Structure formats: structure tokens, C-alpha cells
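Trainee: For the record, in the sequence shown the residue sitting at position 139 is 139 according to full-length UniProt numbering, with numbers rising by one throughout.
No wet-lab data here; the hints were simulated from the structure. Computed from a predicted structure; not experimentally measured. Just so you know, not all the hints are guaranteed correct.
[Stated by the list, open to error] Derived lysine-lysine pairs resembling DSS-like cross-links, with alpha carbons at most 30 angstroms apart:
1) Lys86 <-> Lys121
2) Lys85 <-> Lys119
3) Lys64 <-> Lys86
4) Lys121 <-> Lys85
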Amino acid sequence: MKIVDGTFDPALTALDAPPARGRGWSVFVEGLSVPARIGIHPHEHGQPQPLVIDAQLGYRSMPKEESDWIDYESWCARIAEFLAKKPHTRLLETLVADIAALSFREWPALDSLTLEVHKPKIRPGTRHIGVSLDWTRAYYLQWAACERGGYGKNTAHIRCANDGEHS
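Whole structure, please, built from the sequences with the hints as guidance.
Mentor: This is the structure in C-alpha cells:
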């Protein structure tokens, strides 16, 4: 870990990691249908509406012990519970980032995550309209640090989206 301002900064250490050569092992979930309070339109503010989630959860290394596993059943249940308790969210992009952050926080074995979330039959003439996100743990740590308000001294080379630039 890098020491920044006298403390360890896992986000900066993760950014120094060599790029991965392959994705390795992963768990995938396809077509998880869950209700959520989502949308900007007035008609979307009443009852929860269905969302369909596809996810690929990549391991940090080959899973050996139960503590290394990403249990798809517990992931699906946790996401459903999270969305059931979550207040109305206007943007699907915000909701997808929240699901990603929850996943990285609660599953230490998770190294990469690809999410595709859509509202089925939301617009006539389309099958799906949705949002996709593809994060690594390193990107999540950078995003989380930006959400907390930045990295501290000597980190001007890292830009947060709220600084007007994207990484």
C-alpha cells in the first residue's frame, strides 16, 4: 500500500498494480428481475418497477476456500434486499453505480464487475433500454475516494468526475 499523508491509501496502490492479462474466473448472473423505485418521469414515482440485471463478477484469483467465493445466491439476495430498501432514485446510472459499490464493499474476492441493467418494455418498439457499467476494483477505489472528497496531497494526477474531468 502507498503511504499518503502518513496513512495508507489502497486506491493509489491499486492504481499502481500491473494490468490484468486475463479475466480469469467469474460468476455470472443473467436476467435477475427485481423491483426498484427508479425513474425521472412522474409516472415512475408511484410503485416500484421491474429492473433486469445481468452481472459478471470477476474473481481476484482462483477461488480455493469458501472465504474466496463470490456466492451468486447471496449476491442476488443482497441486491434484491438493497433495492427493496432503497428510496426512489432518479437515474439508472446512479443506481447501477450504487449496486457496483455495494458489490465491491461486501465481496472482497471481487476484482472486476460488469453490470447491465435495463427496464423491460419501457418504450414501445424496443426490447431493452438500460445502462452498462464495467469496473475493476482499482476503478471502484478511485471512484470511492472521489465520493469521499478526494485523495489528499500529492495526488493532483488523479481526477474525479466532479472536478470536471473523467479518469
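Trainee: Of all the hints given earlier, name the ones this structure violates by number, lowest first.
Mentor: 3
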